[in-house]
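Q: The residues making up each chain are set out below.
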Amino acid sequence: MNRARGDGGLTQSGAEQTGRPVRGRWRRRAGGETLKRVWPEAGMLVGLAAAPLIAPHLGITLDMACRMLIWGIFGLGFDILFGYTGLLSFGQSAFFGTGGFVAAWLLVSHAISNSLLALALGVVAAALLGLVIGFVSLRTVGIYFAMITVAFGQMLYFLENSPLSRWTGGENGLPGVPKPEVSLGMLSIAVASGRATYYFVAAFFFAGFWLARRIIQSPFGAVLCAIRDNTARAAALGHAVNGYRLAAFVAAAAYGGLAGGLLGYLQGYMPPDAFSLDTSGRLVIQSVIGGAGTLVGPLLGASIWIYLREVLQEVPGIGNLWKLILGVAFVALVTLFRRGVCGELRALMRREAGAARGPDEQALALSARSVRPRPGHSMLMTPADQATAAVRQAAAVERATAAATSAAPAAGRYEPERGRPPAIEARGLTKRYGGVRAIDNVSLAVAHGELRALIGPNGAGKTTLLRMLAGEVRPSAGNVYLRGERITGMTTTAICHRGLSKTNQINQLFPQLSVYENLVIPVLARKRGRFKLDLLRDVQRVGGLPEDIEPILAAVGLGERARLPVSALSYGDKRRLELGLALATAPQVLLLDEPLAGLSPAERRRAVEMLRGLRQGCTMIIVEHDMDAVFALADSISVLHDGRMLAQGTPDSIQRDPMVQQAYLGGAGGDESA
Amino acid sequence: MAVMISWPLLFSQLFNGLALGALLALTSAGLTIIYGALGVVNFAHGAFFMVGAYAGYLAFAYTDSFVLAMAVGALFAAGVGILLERSLIRFYYARPPEDQILLTFGLAIVLVELVRAVFGSLSRRVAVPAWGAGVVNLGFMIYPRYRLEALSIVALTLSVLGLLLYRTRQGFIVRAGIEDSLMVSMLGINVARIFLLVFALGAMAAGFAGIVDAPIVTVNPDMGQDLLVRAFVVIVIGGVGSFGGAVLGGLIAGEILSLTAMINPAYSDVMLYAAMAAVLILRPQGLMGAEGRR
Amino acid sequence: MSLLEVDRINAYYGDSHILFDVSLRVEARETLALLGRNGAGKSTTLKSIMGVLAPRSGRVLLDGQPIHGLRPFEVARLGVQLVPEDRRIFAGLSVEENLELAALTAPHALDPAQIFTHFPQLGQRRKNRGRDLSGGEQQMLAVARALVRDPKLILLDEPFEGLAPVLVQELVRAIRRLAEQGRTIAIVEQNVTATLSLAQRCYILSNGHVVHEGAARELRKSPEIMGRYLGL
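Residue numbers (the working numbering), protein chains in the order written: chain A, 68 to 741; chain B, 54 to 347; chain C, 57 to 288.
Careful: at least some of the hints might be erroneous.
[To be verified] Derived DEER-like restraints, expressed as beta-carbon distance ranges:
id: 1; chain 1: C; residue 1: Lys-183; chain 2: B; residue 2: Leu-63; range: 18 to 28 Å
id: 2; chain 1: A; residue 1: His-177; chain 2: B; residue 2: Gly-132; range: 53 to 63 Å
id: 3; chain 1: C; residue 1: Arg-115; chain 2: A; residue 2: Asp-601; range: 55 to 65 Å
id: 4; chain 1: A; residue 1: Ser-232; chain 2: C; residue 2: Asp-188; range: 54 to 64 Å
id: 5; chain 1: B; residue 1: Phe-144; chain 2: A; residue 2: Gln-728; range: 43 to 53 Å
id: 6; chain 1: C; residue 1: Arg-187; chain 2: B; residue 2: Gln-223; range: 18 to 28 Å
id: 7; chain 1: A; residue 1: Val-503; chain 2: B; residue 2: Gln-223; range: 23 to 33 Å
id: 8; chain 1: B; residue 1: Leu-175; chain 2: A; residue 2: His-177; range: 49 to 59 Å
id: 9; chain 1: A; residue 1: Ser-510; chain 2: B; residue 2: Leu-136; range: 52 to 62 Å
[Claimed, not checked] Partner residues are not named here, just some residues of chain B that face chain A (Cβ under 7 Å, in silico):
id: 10; residue: Leu-155
id: 11; residue: Ala-170
id: 12; residue: Val-171
id: 13; residue: Met-329
I should point out that these hints are in silico values taken from the structure, not numbers from a laboratory. This one's a predicted model, so the numbers in the text were calculated from it and none came from an experiment. We put the beta carbon where it would ideally sit given N, CA and C, even for glycine.
Based on the sequences and whatever the hints tell you, model everything.
A: So, in structure tokens, the structure goes:
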């Protein structure tokens with residue numbers, strides 16, 4: 068296939084197929100592993116403390132080490148933005164420069180004498196700028212985002228260069244930045260010597276590293292990873308993705324501002340090229356070489372960059388080739404080793420660890436640690452029982468609103484109730500694409516606890532209708548009501564929080580996360596709401612997470628595979644996880660788009676049984692081609708043909724309806740002449 | 054910094070804006086047709102501009118024929134484009150945009166540093182060709198002859214590019230391929246070859262712009278970088294993937310840069326980015342872009 | 057030797073197994089129907105023949121020569137033409153340009169004027185762009201675009217989908233005329249009545265397996281098979 072765009076109609080390249088490496092773990096660990104959890108911080112602390120002793124033997128001066136750390140700090144923020152949130156910005160120089168120049172100007176102009184305060188104000192300025200630039204540029208993604216951040220970076224460069232040159236010194240930069248003084252109450256220490264400067268910078272790096280680690284391991288960080296892997300699904304599962312992306316952007320800007328400020332202190336001079344496009348490009352290169360999504364990768368990349376430059380410049384003949392060598396290495400890494408040095412090392416270590424145990428054993432060991440089968444979920448239970456149990460569990464979480472639902476007749480067949488709005492209703496929905504009416508004035512109402520099947524020939528508009536109900540597609544006319552409330556025009560996130568969830572025809576999973584981590588995402592939305600800046604909270608300490616996830620795992624039969632990355636799942640497993648993600652939002656209305664598509668006959672039977680179990684807690688609309696499944700499950704059926712509602716009724720009446728027969732079997736108008 | 058604005062100055066700045074705008078339009082057109090057909094944002098496009106300028110500079114130095122230099126600049130950039138498309142870029146058409154950006158960005162660095170390794174970082178002057186020396190008296194103002202000629206050459210090239218795209222069989226295939234490459238393939242046309250052609254054409258446009266611009270500016274390894282950023286602004290303003298948008302956006306950008314420079318040069322680039330931000334907020338798909346932003 | 061022989065192909069979308077050992081053949085000058093419910097694998101079979109989706113195993117032979125593993129443009133140049141279900145008209149090109157594009161690489165392309173005799177309505181709208189055509193006209197153009205290449209084998213993927221009854225009849229007549237001229241046509245459809253009125257032979261696919269093969273005439277008379285595999 069030549070390219071992805073434009074081929075969708077014929078090849079169905081699912082989001083699940085992006086074969087990116089698995090990274091960004093925030094797995095849940097059992098109690099006695101606290102030591103293991105802090106070893107990266109401990110190791111970093113020891114390494115930073117010992118570096119001045121080792122560095123000279125490698126030909127690294129303290130000045131070089133300080134530069135490596137400053138770029139490492141800059142990279143920590145960028146890694147949160149690119150490695151964890153998936154936003155590739157080429158304009159980070161704007162924040163590096165802003166932080167640097169604000170801090171430097173405050174000190175040089177004697178507006179402020181406290182260098183720590185100046186640094187902090189620089190960081191604040193950079194973060195505020197990040198808020199503004201992020202607000203505008205995050206209206207776009209992918210290539211547009213990259214281009215627009217480049218442009219904003221350049222804009223700041225030109226601003227510094229002339230309009231603001233009264234303060235910034237224009238092309239000359241700001242000389243005379245004083246050595247920082249650390250004042251603690253009465254005591255003040257001048258950071259003058261090389262070693263003192265190193266520890267001064269190293270302390271900031273460590274603080275930044277510690278904070279970044281906390282962010283990555285927080286619920287907030289988990290949502291960032293989900294956004295990176297599949298933004299639309301993260302939104303549909305209840306997370307206000309724009310807020311998260313903006314927060315990540317601001318965090319990256321703040322890190323950039325800090326790094327810029329430290330650069331001015333280190334050099335005693337703030338250079339104008341801090342704002343240049345080269346600065347942004349260098350950051351990208353360093354992060355990719357070192358390994359994005361690892362936090363330490365950018366530091367390693369910066370070290371390689373600085374080391375190569377210093378060492379190669381000494382070598383006669385090739386002194387000016389260092390950047391060419393780096394460029395070639397960069398292209399090689401981008402084409403051959405996508406994970407960068409740290410990422411490849413980590414993948415290698417994982418593989419070793421995995422190979423030593425054997426894949427099956429590993430999966431079992433992992434799942435046994437966290438997902439202990441409980442008596443209620445024994446192997447003897449049918450999937451239907453398990454599913455029922457799961458929904459009961461989920462419903463318990465939202466007992467207040469679900470009380471009426473759980474009162475639905477145990478037999479499963481719904482009974483329409485008077486005086487209560489339908490669970491979900493469409494009135495006069497129309498969708499036009501150009502001049503074509505994909506959906507033409509369709510109305511339907513599904514009662515609480517009802518399982519409605521939506522059938523119709525290919526191209527009848529079933530998926531479009533479902534997507535309009537879920538808020539994924541905006542109708543050209545008409546309205547959608549969820550339990551009496553108009554939800555037309557609401558975002559998928561808002562609709563999710565009102566109790567509607569949808570599964571997709573093509574799996575929309577988070578491919579770099581494990582099965583368990585996938586399910587954490589919707590549960591977090593339920594527990595934390597649409598947006599929360601709980602940067603320092605440990606995702607493992609979010610109360611009730613395993614209690615909510617385990618029943619879902621059991622319901623969709625993935626308990627044994629909870630620790631596996633999505634990429635290691637079979638298609639049928641992925642299909643069940645797709646359903647599990649929707650279930651984990653504890654929906655009161657569940658829309659299923661061809662849940663059986665691509666499953667083998669045995670898997671279909673199992674899935675039908677599972678769906679039958681689920682229907683007790685839930686109102687469902689199911690689009691499906693497998694008529695056996697439809698007749699086995701549905702309370703009622705709506706038939707869509709050519710964008711119009713052709714018939715609605717009980718399975719029996721639909722089966723006998725001559726219009727339906729004709730829609731499926733013969734061209735309306737007949738062709739008996741042949 | 055208030056400047057008395059005289060009519061001759063205004064006209065001359067309008068012309069400068071037109072010349073700069075045409076140049077931006079040509080470069081951006083290459084960038085935008087590559088994106089339109091292949092879905093790749095080519096961060097190496099500025100490097101093609103630079104490579105074309107250097108190749109033309111060498112050819113001019115050896116042959117003393119600027120016409121030949123223009124041909125060499127364009128063809129050499131096209132050759133580099135073909136080499137890179139065949140060896141690397143074509144494997145990235147189905148990859149996520151971030152991967153494509155990183156690859157082309159890396160290739161740009163390699164090209165720039167290769168040129169730097171051979172020619173050094175110092176700027177080189179390319180003399181104005183003999184047929185472009187001196188000034189022209191247009192009646193209402195006096196204007197450098199080469200700039201006027203460069204404007205005509207670039208305008209002519211843009212028209213030729215437009216004709217190629219809208220009036221020839223190949224261009225017709227390219228437009229169809231931009232719409233639906235798989236269907237084009239099912240009609241018996243080797244789309245991969247068309248993609249290569251598009252890439253080469255885009256690179257050629259950039260290289261040609263590079264050598265035509267060389268006598269006006271100077272030639273150095275970093276000359277492509279600013280141009281690339283401006284080309285991004287142009288296609289964001291004009292609408293990504295639209296040939297007409299690149300032309301319109303280029304002219305708007307050129308006039309913004311040159312007219313604001315008349316009032317206060319310090320703000321001209323800033324104004325350009327402000328215009329881009331305004332377009333982005335008011336009309337996110339760009340002035341002539343139909344496709345929504347993905 | 058059959059014109060086209062599909063021999064035990066298995067096809068996948070990603071991990072999802074769609075076709076299971078599907079075998080079928082198309083004889084020269086016949087009209088063949090490929091029936092089955094939604095999702096049975098009919099379209100996938102056509103895509104596998106056309107080279108859009110390479111089967112992971114099995115063979116596809118055209119005139120006895122293997123064509124599996126060829127790219128779509130190579131298959132097209134050998135004289136196979138797929139009319140895809142979503143039509144894929146070039147919206148920005150005119151009717152004439154759509155036909156012109158299709159004719160470019162065909163060795164014995166037909167004259168558009170000849171095409172317009174089959175589809176007079178298209179002739180009237182030759183200067184209109186694809187996006188300005190009605191659904192029926194787009195479908196006509198999709199068929200015409202295949203026809204202009206004068207292919208050995210035309211694969212029609214759900215040509216009647218979304219068409220008003222009167223247009224279905226018009227298209228049925230047009231296809232019948234093509235068949236009478238001796239063209240080989242394979243139709244994938246859910247509109248069983250219209251399709252069986254055209255076809256001589258038919259296959260039924262269900263869940264990626266061929267479950268029935270026979271004469272179209274007989275299938276029309278056996279409601280139980282229609283009911284089991286096609287009906288409600």
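Q: A separate judgement is required for each hint: does it hold in the structure or not?
A: Structure-based check of all given hints:
Here the CB-CB span from Lys-183/C to Leu-63/B is close to 44 Å, at odds with the stated 18 to 28 Å. The hinted range of 53 to 63 Å is satisfied by His-177/A and Gly-132/B, whose Cβ atoms lie roughly 58 Å apart. In this structure the supplied range 55 to 65 Å holds for Arg-115/C paired with Asp-601/A, their Cβ-Cβ distance being about 58 Å. Hint check: Ser-232/A to Asp-188/C, Cβ distance near 56 Å, so the stated range 54 to 64 Å holds.
A beta carbon spacing of about 51 Å between Phe-144/B and Gln-728/A agrees with the range 43 to 53 Å that was offered as a hint. At about 23 Å, the beta-carbon gap between Arg-187/C and Gln-223/B stays in the expected band of 18 to 28 Å. Between Val-503/A and Gln-223/B the beta carbons are some 31 Å apart, a value that agrees with the proposed interval 23 to 33 Å. For Leu-175/B and His-177/A, the Cβ-Cβ distance of about 40 Å falls outside the hinted range of 49 to 59 Å, so the restraint is violated.
A hinted range of 52 to 62 Å holds for the C-beta pair Ser-510/A and Leu-136/B, which are about 60 Å apart. Among the interface hints, the one on Leu-155/B holds; its C-beta lies about 5 Å from the nearest C-beta in chain A, closer than the 7 Å criterion. The beta carbon of Ala-170/B comes within 6 Å of a beta carbon in chain A, closer than 7 Å, and the hint placing it at the interface holds. With its C-beta approaching chain A no nearer than about 10 Å, Val-171/B sits outside the 7 Å limit, and its interface hint is violated.
Checking Met-329/B against chain A by beta carbon gives a least distance of about 6 Å; that is within 7 Å, so the hint holds.
Hints 1, 8, 12 from the earlier list are contradicted by this structure; the remaining hints agree with it.
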